[in-house]
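Student: Take the sequences, apply the hints, and build the full model.
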Amino acid sequence: MEEFFTYAPAIALLPLAAFVVALVFGDAMPKKGAIAGIFATAGSLGLSLLMLAAVASGEVHHETYYEWAVGDTAGHTAAEGIAFTFGILIDPLSALMLVIVSLIALLVHVFSLGYMNAEGEKGLPRYYAELGLFTFSMLAFVFADNLLMAFMFFELVGLCSYLLIGFWFRTKSAPSAAKKAFLVTRFGDYFFLVGVVAIGATFGTLAFAGDGSFVAEAEAALDGGETLFGFDAETWITITGLLVLGGVIGKSAQFPLHTWLPDAMEGPTTVSALIHAATMVAAGVYLVARMFGYYALSPSALAIIAFVGGFTALFAATMAVVKDDIKQVLAYSTISQYGYMMLGLGVGGYVAGVFHLMNHAFFKALLFLGAGAVIILMHHEQDMWKMGGLKNKAPVTYYTFLAGALALAGIIPFSGFWSKDEILYDAIILGLESNVFLAAYAMGLLAVFFTGFYTFRMVFLTFHGEPRSDAAEDPHGIGWSVKAPLVVLGVLSLVAGVANLAPVGKLLDLDIMFLEGWLDGEYGGLEELTYGFYGDMLPYETALIGGSEETTLLVAAALSLGLAFSGAGLAWKLYNVPEPTEHTQRLGGARDVLRSNYYQDEVQVWLAEGVTLPVARAADRFDQTVIDGVVNGVSSVSLFGSSWLKRIQTGLVTNYAALLVAGFIGLLLVLGVYGGWFL
Amino acid sequence: MFPIELSEWAALAPVYILVLSAMVLFVFDSINPRTTNRAFLAGTTTAGSLAALAVAVWFLLAGVGTPQADGGFGAISLFDGQLVVDQLALFFIVVVTVVTSLVSIASYDYMKGHTYQAEYYTLTLLAATGMATMAASNSLVTIFIALELASLPSYALVSILKDNRGSIEGGLKYFLIGALSSAIFVYGISLVYGATGFMQLDAIAENLDADYGPLLGLGILMLIGGFAFKTASVPFHFWAPEAYEGAPAPIAAFLSSASKAAGFVIAFRVFTTAFPLEPTASVIGVDWTVAFIILAIVTMTIGNFAAATQTNVKRMLAYSSVGHAGYALIGLAGLGAGANDVVMGAALMHLFVYGFMNTGAFLFVGLAEHWGVGRTFEDYNGLSAKAPIACVAMTVFMFSLAGIPPFGGFFSKYFLFTASIDAGLLFVAAALVINSALSLYYYSRLVKALWIEEPVLERESLSQPVGLYAAIVFAAVMTVVVLPGFGPVADAAVDAAAAVVA
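If you read the protein sequences in the order shown, they are chains F and E.
What the first sequence shows, in our numbering, is residues 1 to 679, in sequence order.
What the second sequence shows, in our numbering, is residues 680 to 1181, in sequence order.
Since the hints were derived computationally from the structure, they do not count as laboratory data.
Possibly wrong hints are sitting among the right ones.
[As the list claims (entries may be wrong)] Simulated restraints, written as ranges between beta carbons of each label pair:
1) F:F678 <-> E:Y695: 44 to 54 Å
2) E:K841 <-> F:Q624: 53 to 63 Å
3) E:F758 <-> F:L652: 20 to 30 Å
4) E:F1106 <-> F:F678: 18 to 28 Å
5) E:A1064 <-> F:P30: 13 to 23 Å
6) E:S1140 <-> F:I627: 43 to 53 Å
7) E:L1105 <-> F:A616: 33 to 43 Å
8) F:V70 <-> E:F1106: 32 to 42 Å
9) E:L1105 <-> F:V661: 29 to 39 Å
10) E:V1112 <-> F:I648: 19 to 29 Å
11) F:Q624 <-> E:K1127: 16 to 26 Å
Even for Gly, the Cβ is constructed at its ideal location relative to N, Cα and C.
Tutor: Laid out in structure tokens, this is it:
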């Protein structure tokens, strides 16, 4: 099946072609470029599935396609020069991600027929062109075989989200949200870029895999006890790893760079689905998984990842509780869910993190597309307090949305339960040994309660009770292009958990942990990129409750399930009534804090206006006075010297003769003394 | 090829052609003393210098002076080595004749209505003869004679505007400083002769005698004085601002381009042939490059700084010409550090490009004088509205003189810069950069005046004299096209330099 890999570049190039086609011919085409996008992403999906099959048959594809620059300068440890290349790496992780991304992209394209075309939006060729470029960037990022290429497409992904978030650029809020997303993620990417340079300069290579990968070089340096840039190897690996993590935190909307994501709701809902489920936000977590071997070398970096993840999971979940806009709730839930993935990766749960990434892609795409369907139903109303009672009027939307909600809340047997449970299990067995991980686990666990609550608050307010507005009384119809993607994703949300039923497998001693086997290279893969290999690198010690794996599993599962049910139950009690009322008043002072998102935006604005602006002003003043002063001083000195020199030319020829002879004698003295003529 | 069939004396054909043209004008003038037949006078001069140019270029291409090992005819030595025709000589004959033709074409319009027309062109041709002979001189005697042959007509030419006080005053100052410098120069010759017993340059090199070290050193220094006068280098530059300002603009162009180039060619030849660096240093106890390093830095600095705040355009160009002499001196200052041919080749290239851009700039001033717009920067305000083509050409000259990339001046200056760095002369390189930066200030001031400033007074439409325009536009085109054509010029320059530095 190796020959399939010949088509690997086409996975990304098809959407790129769709981008060009939609941009150039979009206006002339039926559906304004949607068809091109659908065919391209369907092609990508087909090819990705072929890749998946090829990898399953034991093949791995790692090839350099283009070398665009070669540097002579060797890295700190490597002897040879550094090469900058474009290459493709298709291993179990990237093959899986390719399928996810191309599937979601395809469904989003189909859904857009109903959401954008049917609503008579303007600028559709631009929309589909940008979607195509977005998909292309993400797919190329996913199969990148080196860090620099990953960085370039990471940036392109950021650019595309900027374009799409600001799609309705004539409104006031969309361009502002787009700029915010661009700037905040760029702030993180700045660290990423420094990290890329640092890694390249240290190890002389940026390759993810292969004998000379930077991960292998780092491990060798660590084993050899080398000193890198004045630090011992582990400290330096931690520093560079954290620099790269800056980009991850920005893109995956982790605290404190999460503030752009809720605003990004200004884009079309389809775009939100793509951004949240499969592209922009997923890119960050995927990058951590891609270079997990590197992070595995640094326990400190992993602990930071885990703690940030746990904190973000809880932090974002609390904010979601008080939101009234259906998309806002989903936005905060995204931040929270990516926190779980980071927690999972941070505690060494590589499989758990990737598992949740996959499940989340399905159920979050589902929820967003569902929200999109609700928005169509509601004639573009997004306030949940004006909805209600849609359950009977739009059963397909309701049941699929419910499936997504159950997965998000982590209710057994929906997919979200299995992956979240696995993350929490991986966290608790470390937490019993270490306080940092225990704190991260506790925050993650507590967030389960909030997740259950806000998810079902959203479901009940939207679909249950009595209609609370005219639009809810008489909803707009929805077509097959909206329903089909919902059904596909609804089914996936229900059954995707089957991929890795870890607790069941362990309790019943069955070999049904397919994803773990997949990522462990049982079906094929590069040895140094497998779960088992990473596991051996991790220096963690684990403990079990009562010394028994079964007990620990059951306790962890019972705790998270119990909290999810109680959260959902509280929502049931408060909001599943015919005429629900706001209960946020009961929160007292906490309500304002939560509604204001912990004043995060205010803090960031203050940072910009209170700190950066004065510093910039000071720099400007320095430039105006000192630098300009020096430059102006030089020119005044020159002009003064000039007017002084002019005066030598007196106009009297006798003076000239005297100066001429004096100059000649001066030269004679210099040379004579130098040459010893007068001795 | 054809030249092999000519006798050796034919190698000096360009010089003969110049002399012959001068004689034709003499005869014409004696038959018809008060002639104002400008077409014939300027035409003969132009034809003569173009013919000399054509022959010199033909010789260069045919391989006269190219070492026999490279398939050429080798350097042709005449009159027992008193004169020599090699690539260096031909290269500079080309520069001199190019400038002479440009100047004579431009003079057709400029000299309209002036007296002493025939004398003007005859003297120009004789001075050009002297300069061409300087390029070929290989003995201190012939050098001195050629130098005087170039100088004496120049004095007369500067003061040829008899009813103009500035012209007379400039000419007299030029003559007085010239006399002093010639005295120093001829004294230097006698000292060198006393120390070595020879006048012929190769013979001097073989007879450097350690017993007379200081005497020889003083002699060499006095020779440097003579060259410094001819090239308008500090401290022998005092004549230049006043002579250039007072002289008719084409003559200022002629002196600042051709005469300067001729001064450099004898300096290059004397110091590379007669005083090879290491043997001379062991005799006089010091590298003579030190003198040129000092002169180069001081000359470029004083020239550029004095130019910076001038209000009179011609005077600014005069000082800028002093500054450019400093740049070309790097060709001598950088010798002895390895790539001699590259260093001197860079100076040769600079003089070649300078021959076009500086001549063109002075001719533009001549055009402005022809229009009668005035002499200061302010008087030039807004000229572009009336004479856009000439102003584009002037802008090209200014930016090329400053060393801005697309033009020839950038490349020659860049080669000088890299050559001085390769030679380890970091101070010289730094001075070159600083002075170039400063020079951009005053060159762009003129460009600003031409294009951006509003004219002080309303002007009538300006005439378009054909000769001046043709010369200016041709010089501008050459300043630009030496860029694609720089390969052959650079090769010729480096070959010419290699012929003498070996």
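Student: Could one say that the CB atoms of F758 of chain E and L652 of chain F fall in the range 20 to 30 Å?
Tutor: Because 43 Å falls outside the window, the suggested range is violated.
Student: Go ahead and decide if the range 43 to 53 Å is satisfied by the Cβ distance of S1140 of chain E to I627 of chain F.
Tutor: Since S1140 of chain E and I627 of chain F have Cβ atoms about 47 Å apart, the given range 43 to 53 Å holds.
Student: Can you tell me whether the CB distance of K841 of chain E to Q624 of chain F sits inside 53 to 63 Å?
Tutor: holds, 57 Å
Student: Do the beta carbons of V70 of chain F and F1106 of chain E sit within 32 to 42 Å of each other?
Tutor: holds, 37 Å
Student: Starting from the range 19 to 29 Å, see whether the pair V1112 of chain E and I648 of chain F falls in it by beta-carbon distance.
Tutor: holds, 24 Å
Student: Taking the CB of F1106 of chain E and the CB of F678 of chain F, does the distance hold inside 18 to 28 Å?
Tutor: Holds, since F1106 of chain E and F678 of chain F (Cβ atoms, about 26 Å apart) stay within the stated range.
Student: Look at the Cβ atoms of L1105 of chain E and V661 of chain F and judge whether their distance stays inside 29 to 39 Å.
Tutor: holds, 32 Å
Student: Taking 16 to 26 Å as the stated bounds, is the beta-carbon spacing between Q624 of chain F and K1127 of chain E within them?
Tutor: holds, 24 Å
Student: Given the hint of 44 to 54 Å, is the C-beta distance from F678 of chain F to Y695 of chain E inside that range or not?
Tutor: holds, 48 Å
Student: With respect to the beta-carbon atoms only, verify the hint that A1064 of chain E and P30 of chain F lie 13 to 23 Å apart.
Tutor: violated, 58 Å
Student: Lying within 33 to 43 Å: is that true of the beta-carbon distance L1105 of chain E to A616 of chain F?
Tutor: With Cβ atoms ~37 Å apart, the hint holds.
Violated hints, listed in ascending order, are 3, 5; each of the other numbered hints is respected by the structure.
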